[in-house]
Each structure stands twice: as structure tokens, then as C-alpha cells.
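Chains as they are written, first to last, in this note's numbering: chain A, 1 to 484; chain B, 1 to 122.
Don't take each hint at face value.
Derived PhoX-like pairs (lysine-lysine); straight-line CA-CA distance at most 25 Å [claimed, not checked]:
1) Lys-399(A) - Lys-65(B)
2) Lys-306(A) - Lys-349(A)
3) Lys-66(B) - Lys-399(A)
4) Lys-212(A) - Lys-58(A)
5) Lys-65(B) - Lys-382(A)
6) Lys-152(A) - Lys-212(A)
7) Lys-349(A) - Lys-70(A)
8) Lys-66(B) - Lys-382(A)
9) Lys-295(A) - Lys-349(A)
10) Lys-399(A) - Lys-382(A)
11) Lys-58(A) - Lys-70(A)
12) Lys-306(A) - Lys-295(A)
No lab work stands behind these hints: they were computed from the structure.
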Amino acid sequence: MIPRRVVIVGAGPAGMSAALVLAEAGLRPTVLDENPRPGGQIFRQPPEGSAAAQAPPKDATAQHGAELVKRFAAAGARIELMNLTSVWAIFPERRLAIGHREGWQVVAPEQLVLATGAYEYTPPFPGWTLPGVMTPGGAQSLVKTWSVRPGKSAVVAGSGPFLLIVAAQLAAAGVDVRAVVELARQSEFLRQTPRLLSSPGLLFEGAGMLRKLRDAGIPMLWGHVVCAAQGENGALRSVSVAPCNQDGEPERTRARTIEVDTLAIGYGFVPRIELAQLAGCELEFRDDLGGWIPKTNSEGESSVPKVWVVGDGGGVSGSVVAELEGELAGLAIAERLGCLDSATVARRKHPLLARLAKLRRFRLALDTVYRIRPGIARLAAKDTLVCRCEELTCEEADKAVGFGGNDFRTLKVMSRLGMGPCQGRMCWPAMMRRIADRTGHSMEHIGPSRFRPPVRPTTVGDLLQLIPFEDHPEPAGASARGAR
Amino acid sequence: MSASRSPASAEGSRPSTNTSRLASLDRSRAVRFNFDWQELEAAPGETIAVALLAAGVSSLRTTSKKGEPRGLFCNMGVCFDCLVEVDGHANQRACQTIVRAGMQVRTQRGHGYTDVAPELGE
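Take these sequences, add in the hints, and give me the full structure.
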């Protein structure tokens with residue numbers, strides 16, 4: 001077992017900013033990340049030497065991300081970065097089982113920061129398992145990080161401002177974007193304008209994206225949903241798009257067909273809470289923040305002392321908030337460990353809290369416009385798969401719900417839902433809402449999914465190799481293992 | 001859709017020369033690998049999923065119960081839908097696995113191993 005003072009899981013905006021504060025305070029934090037290079041999903045870096053790596057950042061967010069990654073890399077000697085490293089279990093007293101290509105080890109930090117981020121929420125609809133249907137973030141990463149088009153033509157659908165960014169990037173990459181299909185209605189968006197003006201910069205950024213799409217001739221369909229996708233020879237051929245009511249229920253008789261080979265579809269994000277759950281953190285359901293999240297105090301400490309949760313993994317609020325939250329937790333931890341005095345921390349905390357409060361007002365307005373609507377839980381047909389891993393149909397899952405499978409564990413035992421390799425990450429966010437919709441039970445009654453170690457794929461062979469930790473980690477920036 | 005055992009069966013999408021790369025591949029730096037007994041090229045540092053997509057392959061496996069094709073979905077390692085067989089190991093996430101020279105990648109059928117059984121017996 002390897003002792004450490006502070007371990008941060010995740011090298012996205014929240015994890016990087018927490019690490020920078022701690023490094024500056026002289027603590028040499030350890031940062032674990034699954035990817036070859038730091039940045040997280042939002043600031044994911046292209047492979048070294050690629051064309052995309054040499055291109056200048058395309059917008060303000062990318063510019064900011066590049067600077068943050070650069071600052072993080074510059075702090076190299078004061079931060080212990082272990083990339084291509086997963087945490088596959090957390091045992092009592094913050095003992096983390098970490099694994100990578102060479103084997104595994106147990107690391108026990110005094111303070112643990114979880115900055116695990118979020119993944120996209122795509123509830124089931126007929127045809128959603130066809131190759132060519134993917135998440136907006138998945139499609140974005142293809143063009144942004146990998147310089148490969150997902151297809152020739154695309155519909156970008158779901159809900160949230162992220163769709164506008166993805167549509168613009170796909171179009172710029174030469175993909176024929178036939179439409180952006182947005183669940184929210186434009187009238188609601190306009191109604192929230194006064195509150196959105198709390199962060200005028202962000203509002204104008206959004207308006208700019210809408211203008212960009214209009215200039216590119218991409219139709220923006222507010223108050224519409226993709227209600228089905230059709231395939232041919234095992235690949236996506238077309239999607240059905242219909243107007244919907246306030247609840248997100250499509251008027252199928254008014255559906256039109258759009259021929260595309262790519263559908264990028266997602267209705268916002270789901271916090272990755274599995275490590276917080278394994279650490280024993282108390283959860284609460286917050287629909288506005290993406291579902292089940294760990295309860296934290298204003299500095300990010302969870303119900304389990306010395307376990308902190310920051311960024312989207314603690315409630316989806318975007319990269320700007322994530323970075324501030326990381327900084328805040330970093331300051332609190334540095335103070336706790338006696339590396340910063342309380343006067344300095346108080347002085348530095350104040351502006352961060354003020355900015356967070358302001359951003360929350362903006363976020364509240366966005367959450368109202370782009371809220372998850374119940375109709376989305378009803379898009380699946382009887383034979384639509386709800387659990388992609390176990391190939392469980394909606395009808396089969398509903399039947400188990402009818403027999404009392406109203407929580408994750410019971411439903412899993414009854415139907416195998418969530419028993420596959422994704423461990424319920426893809427199906428449960430939709431299924432829990434479907435259960436609520438059908439039974440009227442509260443989300444607190446239905447509960448979150450449950451994870452058991454290993455929460456990352458681990459082979460028996462991996463478990464036979466206990467790595468000599470002294471040889472690891474390699475210095476920050478060493479990504480040779482990834483290129484091998 | 002039936003899951004045929006023959007290596008070059010009609011899976012919807014086979015490698016093609018119709019590339020979807022934004023910049024053409026620098027052949028001198030390209031990493032050569034094998035997909036279903038065909039030689040393909042990837043850019044250095046590229047994942048299997050990206051290299052296959054660039055070669056026009058969108059279907060990566062067929063499911064065990066219904067034999068349905070699946071491809072890249074989340075592209076961040078969460079959904080486990082892009083599973084392929086790599087050098088005889090089934091259930092490898094194509095979106096998380098970086099191409100190495102000489103890598104043997106196979107479309108995964110069901111839980112895998114059907115086509116690599118002889119290799120496992122070595």
C-alpha cells in the first residue's frame with residue numbers, strides 16, 4: 001500500500017485546477033487519469049505530432065483549455081501525473097485500487113479528490129443501437145481531436161447548448177449537417193433572457209453559435225425530437241424527426257424523414273458517481289444537475305470526511321464551474337493540511353464563491369429551458385433495447401418493473417438490466433426515469449444504480465501483477481505507454 | 001441479421017478507400033495494422049475506432065443474442081459498445097485502444113473468440 005497526501009482522480013478542468021492550487025501550496029498532489037494526456041473530455045488533446053495538435057485553438061473555450069493544460073504541464077515536477085491509469089475500486093479509509101497496463105497497486109491518500117466528470121445522456125428510441133448513431137461528444141471528439149469525420153451527413157439532436165457547438169464543428173469539418181433538433185422551445189429560451197443576462201458573455205456566445213448555424217444554412221428545429229432512426233445493411237440510413245409538445249411527446253403523424261449516415265444525439269450529461277458511491281458518499285437526486293450526485297458542502301467535501309467531489313462528477317455545471325470548484329477544494333485541502341493559512345484561503349475563496357453564485361443564476365435559467373421532459377422516457381417502442389449490453393427490450397424491462405423491479409438491484413436480478421460491462425451507466429439514467437413515469441414512485445424511492453468493484457475492466461492477469469510503485473509514476477507528460 | 005462466421009461477411013461496412021480524414025494520412029508515419037485479414041493504416045497515436053472509421057468501417061461487432069451490428073457510440077470508454085478483438089483478446093474497447101504496428105484486430109461476434117480459437121490453442 002502506497003501512502004500519498006492528496007490524490008486527485010481525473011485530469012479534466014476540475015482536477016487540473018485543484019492540482020495547480022495544491023502544487024502551488026507545495027503539496028505535490030498525485031493525479032490519476034485514464035487518458036494518454038491530460039485535459040479531460042472537454043480539453044482532450046490530439047495525439048502529439050498530429051495535424052490537429054498543431055492547429056491553433058478555434059474558440060475562447062479551447063483557448064482557455066489549452067492554457068490550463070499548458071499551466072498543468074508546466075507544473076510537471078510539482079504534480080505526480082499517472083496517465084492511462086484507472087481507479088477500479090475504493091476500499092474503506094480511501095484505499096484506491098489503481099490499475100494500468102503493467103498491473104495494479106493500492107494507493108491510500110490522506111485526502112481524496114474525485115473529479116471524474118460526466119458522460120452523455122441518451123435515452124433509448126427505436127434504432128438507437130445502429131452504427132452511425134452516437135453521442136454528440138463522441139462525434140465532436142472525432143472531428144476535433146482525431147480529424148476524422150463521423151460520416152458524410154448528420155443530424156445533431158437532443159437538448160442543450162452543447163448541440164450548437166457540435167453542429168458548428170461538424171459543419172466546419174465538412175459534414176453536411178441537415179438539422180439541429182432541439183427538444184426545448186425557442187419561446188422558453190426567450191422567456192429566460194433576463195436571467196441569462198446575468199452572464200452576458202455566455203449569452204452572446206450562445207447567440208453567436210446560433211448565428212453561425214443560420215449562416216451555414218443549418219435549420220434549427222426547436223421543440224422537435226428524433227423519434228426513430230432507420231437502418232439499412234446494418235448502418236444508419238435516416239432519422240424521423242417530429243415536433244413535440246411541452247412534455248416532449250412527439251406528434252408522430254407530423255414526423256418527417258431526414259436521410260443521414262450519422263446521428264449525434266444526447267440530452268445533456270450524467271455525473272460519473274461510481275467512485276463517490278464506492279467511497280460511501282451520501283447521494284441526492286438533482287434533476288437539474290444530471291441526476292444522482294454526491295452531497296457536498298460549499299467547498300466540495302462530501303459526507304465522507306477527506307473525500308471531495310468537484311466538477312461535473314459532483315453535478316453537471318460545465319467546465320467553467322468545474323475549474324472554480326477544483327480551485328476551491330484545492331484551497332480548502334491546502335488549508336486543512338496546514339500548507340496555506342486561513343487568512344490567505346479566505347481572501348482567495350471570496351471571489352471564487354462570488355463567480356460561482358453568478359454562474360449558478362445563468363445555469364438555473366439554462367436548466368429550465370433545457371430540462372429533461374417526461375416524453376423522452378416514452379420514445380422507446382416495445383422491442384427497443386433499453387439495456388444495450390444485455391440486449392434487454394423495453395417490454396422485458398417494463399414487465400420486470402410491473403413485478404416489482406422498481407430499484408436497480410431488484411430490476412438487475414429480475415431482468416439482467418445493468419449486468420453488462422457498462423454496469424448500468426448507459427441504461428439506468430433512462431430506466432429510472434421510465435420507472436418514475438410508469439409507477440409514480442419518487443426518484444428517492446427508485447434510487448441510483450449500484451457499482452461493485454472492479455468498476456473498470458480488469459483481467460485476472462492484471463491482478464497477478466502488483467506493480468512496484470517506485471518505478472511509477474513516470475514523469476508528467478510521459479505518454480510513451482500510450483503510443484506503444 | 002445473421003452473424004456469419006466467414007471473415008469477410010457482409011457486415012454493412014467494409015474497409016474502403018473513401019476516406020473521411022480531414023487531412024490526408026502521412027504514409028511515411030502511418031502505423032500498419034490488420035483488420036479482419038486486411039491491411040489498414042492508422043495515424044500514430046490513433047485509436048482503433050478512429051482508424052477504422054477513417055477506413056470506412058462503422059460496424060465493429062455483432063451482438064451475442066440478436067446478432068445486431070454495433071459501432072462507436074460514446075467514444076469515451078463508458079458504453080462498451082465498440083468492443084473488438086485485439087491480438088486474440090476479446091472485449092477490447094476500440095475507442096480506448098491505440099493502434100500499434102502489426103496489431104491484429106477482428107470484428108467481435110457475440111462474446112468473441114470464435115475466430116481466434118485456433119490461436120488460443122497455441
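So, going through the hints one by one against the coordinates:
Distance hint between Lys-399(A) and Lys-65(B) is fulfilled; the C-alpha atoms sit about 19 Å from each other, no more than 25 Å. A distance of roughly 19 Å separates the Cα atoms of Lys-306(A) and Lys-349(A); the hinted pair therefore holds under the 25 Å criterion. The hinted pair formed by Lys-66(B) and Lys-399(A) meets the criterion: a straight-line CA distance of about 20 Å does not exceed 25 Å. Taking the CA atoms of Lys-212(A) and Lys-58(A), the gap is near 14 Å; set against the 25 Å cutoff, the hint holds.
Restraint check: the Cα-Cα separation between Lys-65(B) and Lys-382(A) comes to about 17 Å, which is no more than 25 Å; the hinted pair holds. This hinted pair checks out: Lys-152(A) and Lys-212(A) have alpha carbons roughly 20 Å apart, not beyond 25 Å. At roughly 24 Å between alpha-carbon atoms, Lys-349(A) and Lys-70(A) fall within 25 Å of each other, so this suggested pair holds. Restraint check for Lys-66(B) and Lys-382(A): the C-alpha separation of about 16 Å stays at or below 25 Å, so the hint holds.
For the hint pairing Lys-295(A) with Lys-349(A), the CA-to-CA distance comes to about 20 Å; that is within 25 Å, so the pair holds. Distance check on the hinted pair: Lys-399(A) and Lys-382(A) sit about 11 Å apart at the alpha-carbon level, within 25 Å; holds. Note on Lys-58(A) and Lys-70(A): the hinted pairing holds, with a Cα-Cα distance of about 16 Å set against a maximum of 25 Å. With a CA separation close to 13 Å, the supplied pair Lys-306(A) and Lys-295(A) stays within the 25 Å bound.
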